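Visitor: Mind assembling these two chains? They're in different frames, but the hints should get you there.
Single-letter residue listing:
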Amino acid sequence: MSGGTGGPIRRPASVRRLVAIGVTLVVLLSPFLWLLQMSFKSNDLILQFPPPLIFTPTLQNYAALWQGAFPASFVNSLMSASFSTALALILGVPAAYALSRWAGRGKHALSFAILVTRMAPPIAFTIPFFLFYRWIGLLDTVTGLVLVYTSFNLPLVIWMMQPFFETVPQSLEEAALVDGASTRIVFLEIVLPMVTPGIAATAILCFLYAWNDFFFALILTRTNARTAPVAVVNFMNYEGWEWGKIAAGGSLVMAPVLIFSLAVRRYLVSGLTAGAVKG
Amino acid sequence: MSGKGLVDAERRRFNRLALAPSLIVLFMIAGLPAIYLVMTSLTPFQLINPGSSTDFSSPLRNYRLLPDDPRFVNSLWVQAKLSFWGVLFQVLLGMLLALLLHTQSRVVEFARTFFLIPMVLPPIVVAIIWKLIYTPDISPLYYAASLLNIAMPSLTSSVDFALTAIIIADTWEWLPFTFLMVLAALQTIPDEFSEAALVDGASRLQIFFYITLPFITPILVISGMFRLIDSVKAFPLVFLLTGGGPGSVTEVTNYYAYLLAFDFNEIGYSSAVTIVMLLLVVAVSLGVVWMGRRREAMV
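Protein chains in written order, with our numbering: chain Z, 1 to 279; chain Y, 280 to 578.
In isolation and in its complexed conformation, chain Y is listed as follows (with noise of 0.2 Å):
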């Protein structure tokens, strides 16, 4: 009795010591830059002004700024076509990839490697592969629309084709991640329903639609979340193909906050708009949290 009293004694004394490294360094790194860019958001800072660094004198000023600001009000709207339009593709394109390679053959499975790339070539490489497509001198595709005799319009600098180009490169990079969680899904199902189905008379559509599609929805659900939570960094992108342009077209909040702080010297507001961009992926967080639990539940 004592002897195990002993054991548990000392396990909790090393967990402790396991433990608190990791939780000094995380809430230093992590935790103290948090309430630092909650308190820069209650301050009017410019960095050519240091003495507004702790300015309290009116706190919610930036927030009550916020809504009447239309560049601010502007990058939700793009940030929300960006997003909608960029995991609706990634989603649906990405099923209909899994499916097609959902397959019994040793050739396939090596192949499914090589889907990947796009997904992890560092982001900034995926924005340089789609400036060499989108820059008329040099691209295949210019050279290509030329050969039909279509004059294309450069698609990055026009009003209404700019945000286009973004998501067409932003579902490519993501494409593969939506792939490989509804692969991992599809073969997660039992066989028998389909052979059933089969008995039965079903057609192959019918089996999608009443077998397959039920069971992958939730992964569905939950691969598009996490690319929604995701589509609000999309930077690299913007920052290389356009700019945020033109005019504010493709600014998506992410990068008006960018501008803010290190174009602007507005680092007071800036703050308060990453706070407020923080707490939507918080939103958004607990909502794939709470749909994993209720999966985990349901299986």
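Okay, chain Z solo, but in the shape it has when bound (with noise of 0.2 Å):
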């Protein structure tokens, strides 16, 4: 953005300007850093008000949750979010190729399906599934997860993909096809490796999508596919508001997530947009 600077003119930003955007950003997370500070103190000191502002930090909530059932659900929120993140990729990434070197019909109502699958309430996929993993006994298992994650992460791959595969010139794939490739040696060898980054930031999207996902683990999982997000609002419910510990799981929860979304934060939008504006 260095030649057009738009809209109401991008001067330097003033240092009136750059306070306020400080001030705002304090305002704005200070409940977030509230819950972060929260996990680093004891239980006696989560009481005390006025809140002291130095205090020494304790580890014993996160270790608490070492000990305790957490690190199985965590576990459990690893795998499926991976193997949904792969099953997507692995079915998605061939078809997204296919459709961007496509220009049959059927392919705006194939891309309004798909907004529509992304749209869609959860609760409208949950109860067939939740009847039809009872009848074949897919309920509580991470493999009934990774299914139903995939059914909001394969649209998700299509659709990201998509624009990826437009950057690549078809001119060096011609050239390829003309000395006598196979389209899929092309895809493989000279498409793929030129979108690794478009691959990567989509994985990442889908990853995060399953792993913040709490309504389909609260529904379709009891105790032994139980996943993270499920496991700390359970503390809420039978162990007594255990603030300590809500804290820390709920810190835990969102680290990998932080991590993950800082580093696709220009594929954000696009990700959650998917469909309508092009990203």
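Just so you know, not all the hints are guaranteed correct.
[As the list claims (entries may be wrong)] With a straight-line cut-off of 25 Å between C-alpha atoms, the simulated DMTMM-like cross-links for lysine to aspartate or glutamate are:
#: 1; chain 1: Z; residue 1: Lys107; chain 2: Z; residue 2: Glu173
#: 2; chain 1: Y; residue 1: Lys360; chain 2: Y; residue 2: Asp509
#: 3; chain 1: Y; residue 1: Lys512; chain 2: Y; residue 2: Asp348
#: 4; chain 1: Z; residue 1: Lys107; chain 2: Y; residue 2: Glu289
#: 5; chain 1: Y; residue 1: Lys512; chain 2: Z; residue 2: Asp140
#: 6; chain 1: Y; residue 1: Lys360; chain 2: Y; residue 2: Asp439
#: 7; chain 1: Y; residue 1: Lys512; chain 2: Y; residue 2: Asp542
#: 8; chain 1: Z; residue 1: Lys107; chain 2: Y; residue 2: Asp287
#: 9; chain 1: Z; residue 1: Lys107; chain 2: Z; residue 2: Glu174
[To be verified] Output of the computed footprint for chain Y on chain Z, the stretches with three or more beta carbons under 8 Å from beta carbons of chain Y:
#: 10; stretch: 125-139
#: 11; stretch: 249-255
By construction, these hints were calculated from the structure, which means they are not laboratory data. What you are looking at is a predicted structure, and each value in this text was computed from that prediction instead of being measured. Virtual Cβ for every residue (Gly too), placed ideally from N, Cα, C.
Guide: Printed below as a string of structure tokens:
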């Protein structure tokens, strides 16, 4: 954006504006920071007001989590998110490539179907999946979660990957085809290596969507396949409002999200608006 | 000629092979469930009464019950209030934030990333964060109020404030989304317009209302519609902060459908509620696509 500055003239930021931005940032993030600092406090300290500005941070909440059932639920989250991401990529990447090179009829209808899958409230999928899983015995399994998560990750992959394929110059592919290479070879050895960054960004977004899920896991799991978000909420129901553990659990659940999403912030919007606005 | 024909045929075969697995899987994990949902909505299916899952004797019964179900009608009204105020605040505040951060500075560009944090947090963590803020014993908000000698009611269990409490949390969570979209739109406005206006002696307010605002209006509408669609999904906030209460003050349609299916075991009726919700979402989605096309045609 070096050429156009745009809009309400973009001059270098004045001190007044910088101060305003700083204050807004602190105010906006204060609820989030409150959770974070709470996770390093003992339960006595959490109830103490006025809150001490300086306190000795303790890891006892995290240690308590480590000894309970929380690590198992963390592993469940990790597995269901990773496997559904892998499945969605394996199926979706070739499909996105084919769609990006295909101008046939039905493309708009397909795009709209993908948009609807993305927009549908989770409960619309939960009822059928719940009944079906109850019948074939997939309730409370990681496999069950992987399948559900693929139902929203696959459309996301197909949507997100198309623009990346469109940036690969077709002349490159044509040259290879003239030399006698098959489309499969061209796709695997010429096109795929050129869109690796796109695949990485898409993979991270898929992982985040599955990781962030609460609703499906709440209904489709009980104890065996319980994911980390559900486990954290259970601290509220059964173990008598252990605020320290709740805060520490919440912090652990958001940690991978914060790290990954800052890495793909450029693609956040196109992932969220998949369907109607060109990212 | 025949060589080209061969290449084309090979290409088509590849396309079919590449697309087929995805289409089959999508049909199985999205298409079939949708069909199943429609069918269930035509039965009086209750989990405790397995035979009822195939009882199609009175297919429209559930849909006929809907208009006279006060809890369903109330849930639509609650949803409308939540969506309206949530979207309004998100679009307005997101726009203001974008205007504030639309400036040339390395520091500000770096700071932008941190403004996105609420949006990328797992929704359940957002709900936990606001649970902490709204719980009097441990909340800095209540402590600050007590310092100022204000007796604050328990927000999430008050008939008057429970929905407002959820709207505040929802706005906090999604403000970064409208902010990002408006900022992207601001960056596409050509300089010449505002420069020419400045030369002509226009005030900054005039530039905003006559140049900036018309430029970003489409994106305000589109981002608002996206938020409108997603506001139907608001579940973790309601689940954790109020549980739909007090009474049914914060019981949105999504939450009512959840209670019906998984608390009251009324699977058939819940499916009908879900179908109605789905139709509303599809209608708004069509609107978004139409807006997007029109915008592309304009540019």
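Visitor: None of the hints should be skipped; say for each whether it holds.
Guide: Structure-based check of all given hints:
no.	hint	result
1	Lys107/Z to Glu173/Z	holds (22 Å)
2	Lys360/Y to Asp509/Y	holds (14 Å)
3	Lys512/Y to Asp348/Y	holds (21 Å)
4	Lys107/Z to Glu289/Y	holds (21 Å)
5	Lys512/Y to Asp140/Z	holds (23 Å)
6	Lys360/Y to Asp439/Y	holds (13 Å)
7	Lys512/Y to Asp542/Y	holds (18 Å)
8	Lys107/Z to Asp287/Y	holds (19 Å)
9	Lys107/Z to Glu174/Z	holds (23 Å)
10	125-139	holds (count 8)
11	249-255	holds (count 3)
When held up to the earlier numbered hints, the structure conflicts with none and fits them all.
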